[in-house]
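As given, the protein sequences belong to chains A and B, one line each in that order.
Whatever position you read off the first sequence (first residue = 1), add 156 for our numbering.
Whatever position you read off the second sequence (first residue = 1), add 3 for our numbering.
It is possible that part of the hints are untrue.
With a straight-line cut-off of 27 Å between C-alpha atoms, the simulated DSSO-like cross-links for lysine-lysine are [unchecked claim]: (1) A:K214 x A:K259; (2) A:K259 x B:K68; (3) A:K214 x A:K233; (4) A:K225 x A:K178; (5) A:K259 x A:K225; (6) A:K259 x B:K10.
For the record, the hints were derived by calculation from the structure and aren't laboratory data.
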Amino acid sequence: AQSVAQPEDQVNVAEGNPLTVKCTYSVSGNPYLFWYVQYPNRGLQFLLKYITGDNLVKGSYGFEAEFNKSQTSFHLKKPSALVSDSALYFCAVRDIESSNDYKLSFGAGTTVTVRA
Amino acid sequence: SAVISQKPSRDICQRGTSLTIQCQVDSQVTMMFWYRQQPGQSLTLIATANQGSEATYESGFVIDKFPISRPNLTFSTLTVSNMSPEDSSIYLCSTRDRREGELFFGEGSRLTVL
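With the sequences and hints as input, model every part of the structure.
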């Protein structure tokens with residue numbers, strides 16, 4: 157079984173400050189990990205992914221995430237948040253060694269609010 | 004990345020009616036997925052639709068309630084049957100990048116059932 161936990165329902169930061177959105181995962185095999193963002197009344201947009209290789213991955217809009225296997229975490233980060241980053245963020249995982257490896261499991265989502 | 008178009012983008016429906024959501028992809032894809040996002044909640048996979056075969060439904064979802072068609076490699080429909088207010092959700096169509104597995108989503112269809 158695979159699952160994702162996003163421990164914070166909401167994250168509030170001031171514009172220009174660092175932004176971190178936390179994600180931990182559980183899989184029986186090796187994970188593929190993803191971050192998505194959802195703006196109001198929109199579908200999900202893909203931000204970045206970890207498949208293999210460097211633990212630090214860079215994605216769209218200046219976001220990056222660090223894969224930490226020992227802590228089973230994949231936290232999303234941005235060095236300097238913008239008001240336009242205010243949105244709902246989802247972490248997702250696939251267990252590539254599962255017989256149902258095509259399935260993506262999503263976390264509950266974290267609402268990010270960046271105040272001016 | 005695939006571009007996915009869904010319609011309707013939103014609708015208000017009466018209890019007991021059915022609504023069909025259409026999903027069009029700009030390239031041929033093997034797997035298409037239908038997700039539900041209930042208000043304030045995360046995404047739940049309803050079913051996986053492969054062209055030429057019956058859709059595979061997840062636990063808690065049945066074909067009579069959510070019939071799916073997949074007539075070709077670029078198109079799928081999801082019908083929400085005999086709707087009740089509990090079916091008020093955003094329904095999202097998605098497909099997968101073949102190589103590495105990230106999903107691409109349509110803009111979603113926001114249904115409100117009165």
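Does A:K214 pair with A:K233 here, judged by a C-alpha cut-off of 27 Å?
Measuring from Cα to Cα gives roughly 10 Å; hence the hint holds.
What's the verdict on A:K259 and B:K68, does the C-alpha distance respect the 27 Å limit or exceed it?
OK: A:K259 and B:K68 at ~21 Å, within 27 Å.
Between A:K225 and A:K178, is the straight-line Cα distance small enough, at 27 Å or below?
14 Å, holds
Pairwise hint evaluation, A:K259 against A:K214, where the allowed Cα distance is 27 Å at most
Within the cut-off at roughly 23 Å; holds.
Regarding the pair A:K259 and A:K225, is the alpha-carbon distance no greater than 27 Å?
21 Å, holds
Hey, A:K259 versus B:K10, does the alpha-carbon distance stay inside 27 Å?
OK: A:K259 and B:K10 at ~24 Å, within 27 Å.
In terms of the numbered hints stated before, the structure departs from none.
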